[in-house]
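Sequence order for the protein chains is A and B. Just so we're aligned, residue 38 is where the first sequence starts under our numbering, counting upward by one. Just so we're aligned, residue 38 is where the second sequence starts under our numbering, counting upward by one.
Because the hints were derived from the structure by calculation, they are not lab data. Remember, it's a predicted structure, so these values are computed and weren't measured experimentally. Possibly wrong hints are sitting among the right ones.
In this list, chains with the same sequence are indistinguishable; a pair is considered to hold if it fits within one copy or across any two.
[Unchecked claim] With a Cα cut of at most 20 angstroms, we get these calculated DMTMM-like pairs of lysine to aspartate or glutamate: (1) LYS49 to GLU431; (2) LYS518 to GLU504; (3) LYS244 to GLU68; (4) LYS49 to GLU87; (5) LYS71 to GLU312; (6) LYS71 to ASP311; (7) LYS117 to ASP106; (8) LYS525 to GLU378; (9) LYS421 to ASP311; (10) LYS71 to GLU252; (11) LYS518 to ASP106; (12) LYS264 to GLU68.
Protein chains: 2
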Amino acid sequence: MTRFDEFKDIQKKLKAYGLVLNIASWDSNTEAPKDCFPYRSEMLSIISGEHFSLMTSQTYQDIIRDLLDQQDDLSETQYKEVEKAKKSLDKIVKIPKHEYVEFSKLRNMANRVWEEARENEDFEQFKPYLEKIIDFQKKMVSYRSSTTQPYNVLLDDYEEGMDMDKYDHFFQTIKDELVPFVQDILNNKPKEKPSYITESFPKQKQKQFVEYLLEVFDYNLNRGVLKESAHPFTWNTHSKDVRLTVRYLENYVFSSIFAAIHELGHALYEQQVDEMFDMTNLNSGASMGIHESQSRFYENIIGRSKAFWEAHFDKLKTLFSHQLKDVEIDDFYHAINWVEESFIRVEADELTYPLHILLRYELERAIFNDGISVDALPELWNKKMKSYLNVDVEKPSDGILQDVHWSGGAFGYFPTYALGSAYAAQLYYAMKEALDIEKLVKDNNIKAINTWLKENIHCFGSRLKPEEIIQKVTNEPFNPKYYIRYLKEKYTELYLKK
Amino acid sequence: MTRFDEFKDIQKKLKAYGLVLNIASWDSNTEAPKDCFPYRSEMLSIISGEHFSLMTSQTYQDIIRDLLDQQDDLSETQYKEVEKAKKSLDKIVKIPKHEYVEFSKLRNMANRVWEEARENEDFEQFKPYLEKIIDFQKKMVSYRSSTTQPYNVLLDDYEEGMDMDKYDHFFQTIKDELVPFVQDILNNKPKEKPSYITESFPKQKQKQFVEYLLEVFDYNLNRGVLKESAHPFTWNTHSKDVRLTVRYLENYVFSSIFAAIHELGHALYEQQVDEMFDMTNLNSGASMGIHESQSRFYENIIGRSKAFWEAHFDKLKTLFSHQLKDVEIDDFYHAINWVEESFIRVEADELTYPLHILLRYELERAIFNDGISVDALPELWNKKMKSYLNVDVEKPSDGILQDVHWSGGAFGYFPTYALGSAYAAQLYYAMKEALDIEKLVKDNNIKAINTWLKENIHCFGSRLKPEEIIQKVTNEPFNPKYYIRYLKEKYTELYLKK
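Turn these sequences into a full structure, and let the hints guide you.
This is the structure:
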């Protein structure tokens, strides 16, 4: 048995633990009955513990060290596997186990307190937990790195290769270009939102339309499942088991349609990873940002395009003949791209969405880099909301308490949401050089687009890093100008052309 | 840490492995996409392997040995836990690991061949595998016991305390009493089956009725899930997660109704096990036979009684007003207790069902005790079918190839199916001393029956052995006369009273 065989042996075991934990989590999130959780949590923590022990075992560490010492003996893919394993290892192995456990408990607790505080509209209740979480997160970073820039470590965790320099440039561009553009749009948009948007669309028919979308996007049901859950998500264990969930709101049909297309973007990515990676740790998307680029590409660039609805609006009208009887395709196209001031990130439209992320990035940066106090956060939040989106936050649930991320210690995560949209735009202009996207979409030939994405991005799983993918596909490094260009082209056409 | 604490520590880990494997199996049986299985099987075999290693580890064996050496230090429940663990251990630890693995592979293979052979109506194809399975099973028994009666070991595996002597008496009673009685009924029953039985009953409404049944039987949905699957089954991990599945056949509504009540019987049992056993290996029903007694009690003794439909027939008629418009409750009561000659065990009615089991018991006994050759089985099968049920088997799929059990090596399992029905009848007469069952059922007060079963049977989980339960509840050992009495009373009334 070679050293690499030993590595693969442990990897396979780790994947097996990952698989069963993953299946349990799917079950927990989609159908497990509410009373089962105390017992289940205790049992799953035992399996997670086994997983953790194996992943941090001295044997495994020695194997990885030896393999990296003799990396010339490894093939390129083998090297990538070991490198990725080393990176995952470094994230946990340097942290004393009791602190790791303590942090995990703190986050669970903070999460419950956050829920309550949001319910009570009481930031003060959450504040001490947020302080503890931030302090703990800083300490955790200090175990792993001697950097004086802890936020860079967190940014890299969520998107390998990204740091404050790159993000500063990105978000400055958004601030300079989009904030005034959004103001312009908001000043010029029609006053009244079309009323049919919030009419009642029966759930069963929404489901039928989502099933139709699965076909349109060529999602492979032999390798997947469509299900309902409280929050839409994509779930996968390997390329042959990639599932998605949707939620049906009877008085807001756009929710299920665009959540479905969004999750389909994630799911197609995972289904198209080359099966040669199934047994490796490279068998999933390259990064949060690249993943989000795919979901946003499908949701916004395809799903919210006029061409798409030229192909599918009739189908939707057949299902909802009553609700949509007086609606023309142009009105519909406008409605699905409705821009408005809003408080809540997850409900924001495509154009204002990045401004929400800009705000969070600036706050996180201030917390970790400038040592701003938690006390000062709510006011700063509200000021920025006023300045970027022209809204007055009147309650914490519309402001600083709206998102779950911070209670879970997930600092550095938010920026990938905007980055994904920006990647999507850059990839879009590259794809346009090769394909007549508009025509393919109109002809209901999404398959050709899937194939292009498969060959250029999906098939590699995480063998390529995000920056390698962007460089390879677009012939330049990440550049936010494409995102600005895409948004300006689309929304000028929609709102500013008379 | 005491020796018992160490025992509990390993037990808890074993339960954790059991939980995740169980959840994976639920997923596999209800929704996993078809292409996921090769990867999944390989991964799950790793987790099963970990489970197996832990369960057969020398440490664990030593702990159990020590605890049994000093059993006076244990409480009664503690002792039962250790005793049960020892029993599970003995079943596997004496078997050389490579043979265990080989047997498992053989069964998988035999299962695939059985499916094909049944498809091809070709017993010869399956024969060599059946021979190998029987030889292997005999060898496996020989590792565990020096008995000259290997079938007794297998019978005890599926129902602790049972052996050929007891089963011989049971099945002889069935043969003497029921075979002629069934003939009598068949000669006196109406010629024509009511045609509405096989009319089309839309699936969605069947589902509504099954959901209504969950309420009627007071099944706790905070501790369970109702779902659809290819074959109905009950699944549980502990008292707070007990699920059931149903299948909906549009042209046979009785299938979903009575499968649901049957599975509800299993499920109520598991939901009512005292939660003090959640963290022990005693947290599930006492045995296959006792479990089946509960499902059969609910399905047949309650679900197929006139009193039950006096309470619920109107509800069914409301849902299926077209299909049932001309049907009176008496006709309906007759139809759900329709007796007929049939080939297939799983489709047999309540009265002829035990004759199918009688046949299988006699064949298995002949195989393991009298060394009858596999060559002789089909003819023997067909002869017995003629003699007990007066039907001529014309193809193996209607005869010896109909059941999955033998291809999985599960000899000794079948008898528990009939035993369960017989237990149910004995328990029924005991319950009648305490409760006015007919009135409770008519008044839609199944809850009172559940409570009685909880206090007398369910709450104990497997802390009591089957024979202890029967003795405690009925004040005598198992006695088949109650089963005969119950069937004769019910079916005489239905078919022989003019």
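Against the structure, the hints:
{"no.": "1", "hint": "LYS49 to GLU431", "verdict": "neither (51 angstroms within a copy, 49 angstroms between copies)"}
{"no.": "2", "hint": "LYS518 to GLU504", "verdict": "within (16 angstroms within a copy, 79 angstroms between copies)"}
{"no.": "3", "hint": "LYS244 to GLU68", "verdict": "both (18 angstroms within a copy, 17 angstroms between copies)"}
{"no.": "4", "hint": "LYS49 to GLU87", "verdict": "both (14 angstroms within a copy, 13 angstroms between copies)"}
{"no.": "5", "hint": "LYS71 to GLU312", "verdict": "between (36 angstroms within a copy, 16 angstroms between copies)"}
{"no.": "6", "hint": "LYS71 to ASP311", "verdict": "between (37 angstroms within a copy, 18 angstroms between copies)"}
{"no.": "7", "hint": "LYS117 to ASP106", "verdict": "within (14 angstroms within a copy, 54 angstroms between copies)"}
{"no.": "8", "hint": "LYS525 to GLU378", "verdict": "within (17 angstroms within a copy, 76 angstroms between copies)"}
{"no.": "9", "hint": "LYS421 to ASP311", "verdict": "neither (44 angstroms within a copy, 56 angstroms between copies)"}
{"no.": "10", "hint": "LYS71 to GLU252", "verdict": "between (33 angstroms within a copy, 18 angstroms between copies)"}
{"no.": "11", "hint": "LYS518 to ASP106", "verdict": "neither (41 angstroms within a copy, 77 angstroms between copies)"}
{"no.": "12", "hint": "LYS264 to GLU68", "verdict": "both (10 angstroms within a copy, 10 angstroms between copies)"}
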